[in-house]
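**Q** If you want the building blocks of each chain, they are given just below.
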Amino acid sequence: MEPLLPRISKPVQYVGGELNATVKDWDAASVRWALMYPDAYEVGLPNQGVMILYEILNELPDVLAERTYAVWPDLEKLMREHEVPQFTVDGHRPVKAFDLMGISFATELGYTNMLTALDLAGIPLHAADRTEDDPIVVAGGHAAFNPEPIADFVDAAVLGDGEEAVLEITEIVKSWKAEGRPGGRDEVLTRLAETGGVYVPRFYDVEYLPDGRIQRVVPNRDRVPYRVFKRTTMDLDAWPYPKQPLVPLAESVHERMSVEIFRGCTRGCRFCQAGMITRPVRERSIEGIGAMVQKGLEATGFEEVGLLSLSSADHSEIAEITKGLADRYEGTNTGLSLPSTRVDAFNIDLANELSRNGRRSGLTFAPEGGSERMRRVINKMVSEEDLIRTVSAAFSNGWRQVKLYFMCGLPTEEDEDVLQIAEMAKNVIRAGRQASGRNDVRCTISIGGFVPKPHTPFQWAPQCDPETVDDRLRKLREAVNSDRSLGRNIGMRYHDGKPSLIEGLLSRGDRRVGKVIEAVWRDGGRFDGWSEHFSYERWTAKAAEQLEPLGVDLAWFTTREREELEVLPWDHLDSGLDKEWLWADWQDALDEREQDDCRWTPCFDCGVCPAMGTDIEVGPTGRKLLPITPVGVGSPVKNPALTP
Amino acid sequence: MAYSQGFSPHPKVSWVGAAPTGVASEAEYVEVSVVERVDPEALKAALDEALPPGIDVVDVVQARGGNLTERIDASEWRIELDGVEPDALAEAVAALLAAGEVEVERLTKDGKKVIDVRPAIVSALVEPRSSDAGHDEPALSQPCGILMTVVRQVTPTVRPDDVLNALRVVADLVPPVPARATRMAQGRLDDEGRLVDPLQQDKES
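Taken in order, these protein sequences are the chains called U and D.
The working numbering applies: residue 1 is where the first sequence begins, and numbers increase by one.
The working numbering applies: residue 1 is where the second sequence begins, and numbers increase by one.
So that you can see chain U by itself, here it is in the shape it has in the complex (with noise of 0.2 Å):
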């Protein structure tokens, strides 16, 4: 490896021993594990999953954990010429020596890069011919909620919370060594499905319809439930990880530290799968968090830290830790950042608290639709007057640009809703003129085409398709720039539709879909979540290819409507939602009904609670974050070694 490394580009990305990486006596493990980010370094490396579990699986004395990350094909090519296998980063040592093979899917668009991996590795890219010496290929994440398309590569999928899950799999699988492998590969992964929270889809068999649709998903022997269940990590204050987050050695898209503040999502925004897999709302308590955000500090040196969640500013206690973070770090050269936020008047005094002393350049916020009627539908509750009302707020607090999020190609949507962004984002640069006094405030529309996910109250609708979706935004520009006054301080940021329509198929595809991964793969195709590298000509000629002599098609699996009782390919894996609600609630968006949050208001039914046995854990508790004394000018974090 090392004379390789000369010859590739940005090399440090594959050398490992970052601060608080982990290398550990590979004799000393009972069980070892390699841990795949299937994207750049530059791109897995912060990832919280798999941080988490790295260091979860590392504390325990005879468990390892590695990682490895997909490599740039300008490395693939020279692996392929000196026989290099994929190796992990941390210790350099062959993926296929590891007992365990854990990836997590963020996105769907990982998956060619997993077969990279996996060829790499000298691992069979299909589950069914692999042996005892090949590692067990778990995936996790996101997309593990509905693995259908990757049943061929994979030999089981974790839906949820990954924390207890990975342990419980690592238990099961030093048992099964210790014991001697009696059974050899089939009986340890009998083993994990009987728990009920492993998927292996060899077990089950798919059967479907003459007309292509799936007719039933059941277990093909004993031993193997009907439905296998999410996991849910409940009190997160138990579970403080990571402890001791890695610090990049090479630039990464996220140069901070992140800590969770809280889990699950109950807005019920209809198009976010995120949203709805990962219920109930669990906090984790402000002192938890408190101590997450110091300690983090002291092992890593970070100058960022964002409070993590999917809608931050709804912490019951978000007022308190900002305030109490803000205290603790005023003065020094900690930044705090709070992502994901909603659009209202309370969020710029959080946004003030965090950037008292620092810049305040710009904010974020996500309408998603771009008119009152296209919100309703998916159930993003924000009035033009709330965001209106919130812009000059925070432009007349001295913050010089807006930048809103947006998503086209939403079900039922037409140009005129889509149209309406532009009107908003004159309306802003209108107001923050009117608030701040000055003529050079901006505003940038962010817009990302929409694709419906399983588990969601979209999962029946119609994607559409890529020419209308471009055809929308070229319209949207037009409007955009037909007021040059206001024109020229709005900026457009969008992707075309056709990456989207691709995600489409991944998304909601099922276990024939894999073959059209596998063509692409072997056609080159590589790293489809960047631009530079996604082929849709590739794409959609390799789903012509692979799916015409099973009678269906991309457009059959994408932007075709689903009945209510046709078996999505997900059914039997359950993310606790129950599928009439989910159904009521697509019907409900239809008729441009919304929904609150059962964290406010009354349970409305969605499923999780009673199917998991879980509840929404908030707070507020009512306590408070202590000050920490400074013990050095300019920094309250510093190293011990240091201080006399």
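Take every hint as true, because none was put in to throw you off.
Simulated DEER-style distance windows between Cβ atoms:
| no. | chain 1 | residue 1 | chain 2 | residue 2 | range |
| --- | --- | --- | --- | --- | --- |
| 1 | D | Asn67 | U | Gly362 | 31 to 39 Å |
| 2 | U | Gly362 | D | Ala2 | 26 to 34 Å |
| 3 | D | Pro40 | U | Glu2 | 26 to 34 Å |
| 4 | D | Ala2 | U | His533 | 36 to 44 Å |
| 5 | U | His533 | D | Asp39 | 45 to 53 Å |
| 6 | U | Ala544 | D | Thr21 | 42 to 50 Å |
| 7 | U | Glu423 | D | Thr21 | 49 to 57 Å |
| 8 | D | Gly54 | U | Ser361 | 36 to 44 Å |
| 9 | D | Thr21 | U | Thr412 | 47 to 55 Å |
| 10 | D | Lys113 | U | Thr131 | 52 to 60 Å |
| 11 | U | Arg7 | D | Lys113 | 13 to 21 Å |
| 12 | D | Pro156 | U | Lys243 | 41 to 49 Å |
| 13 | D | Lys113 | U | Glu545 | 42 to 50 Å |
| 14 | D | Gly54 | U | Thr412 | 56 to 64 Å |
Here are the simulated DSS-like cross-link-like pairs (lysine-lysine), alpha carbons at most 27 Å apart as the crow flies:
| no. | chain 1 | residue 1 | chain 2 | residue 2 |
| --- | --- | --- | --- | --- |
| 15 | U | Lys10 | D | Lys112 |
| 16 | U | Lys10 | D | Lys113 |
| 17 | D | Lys44 | U | Lys243 |
| 18 | U | Lys243 | U | Lys174 |
| 19 | U | Lys323 | U | Lys624 |
| 20 | U | Lys24 | U | Lys177 |
| 21 | U | Lys515 | U | Lys77 |
| 22 | D | Lys12 | U | Lys10 |
| 23 | U | Lys475 | U | Lys426 |
| 24 | D | Lys44 | D | Lys203 |
| 25 | D | Lys12 | U | Lys295 |
| 26 | U | Lys77 | D | Lys109 |
| 27 | U | Lys295 | U | Lys624 |
| 28 | U | Lys96 | U | Lys77 |
| 29 | U | Lys295 | D | Lys44 |
| 30 | U | Lys624 | U | Lys243 |
| 31 | D | Lys109 | U | Lys10 |
| 32 | U | Lys24 | D | Lys44 |
| 33 | U | Lys77 | D | Lys112 |
| 34 | U | Lys10 | U | Lys24 |
| 35 | D | Lys12 | D | Lys44 |
If you are wondering where the hints come from, they were derived from the structure by calculation, not from laboratory data.
Computed from a prediction, not measured in an experiment: that's the story for all the values here.
Note that beta-carbon positions come from the ideal geometry of N, C-alpha and C, so glycine has one too.
Given the structure of chain U, go ahead and fit chain D onto it with the hints provided.
**A** Relative to chain U, chain D alone:
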């Protein structure tokens, strides 16, 4: 640690003549500004703890004035050329030193650039084979030429790669496998062309 002033404060850390990617180094120098007096030994231990394995802090001294950049104007490199006979290497080196100018091409972000390597080369010596003893070099049955060269840090920088390219230009010397370069020392050149330890004056006072 001290931070720069302004809109976006940065830690005050400056590297002097950082080694290029793909070479080894025994002698990198960095200046770190701090906001209060710290025990150099404690700082050394803390930095060692945070740095990746293989990057060791050799020494930390408190600066007694002046700046580090002024104390470094050349590097000594050890370049190992596996599969190259020391005699052939010595011949090529002699040709390089005899030349008035040796232009090589280098690929940069802005395209190809031609640089003259010769003026930067202060000295170049081929180590006799006997010095291999005790090193974990390949077995003596395989020849290995070892070049010790002192190169001035000029703009544009002349790197070990450029020196190797210069050997190719003057003597058609092409190592069968990629050569390994290690920076052995940095410092100011004294009158005899030797390198003066950049931290010497801080250690003395």
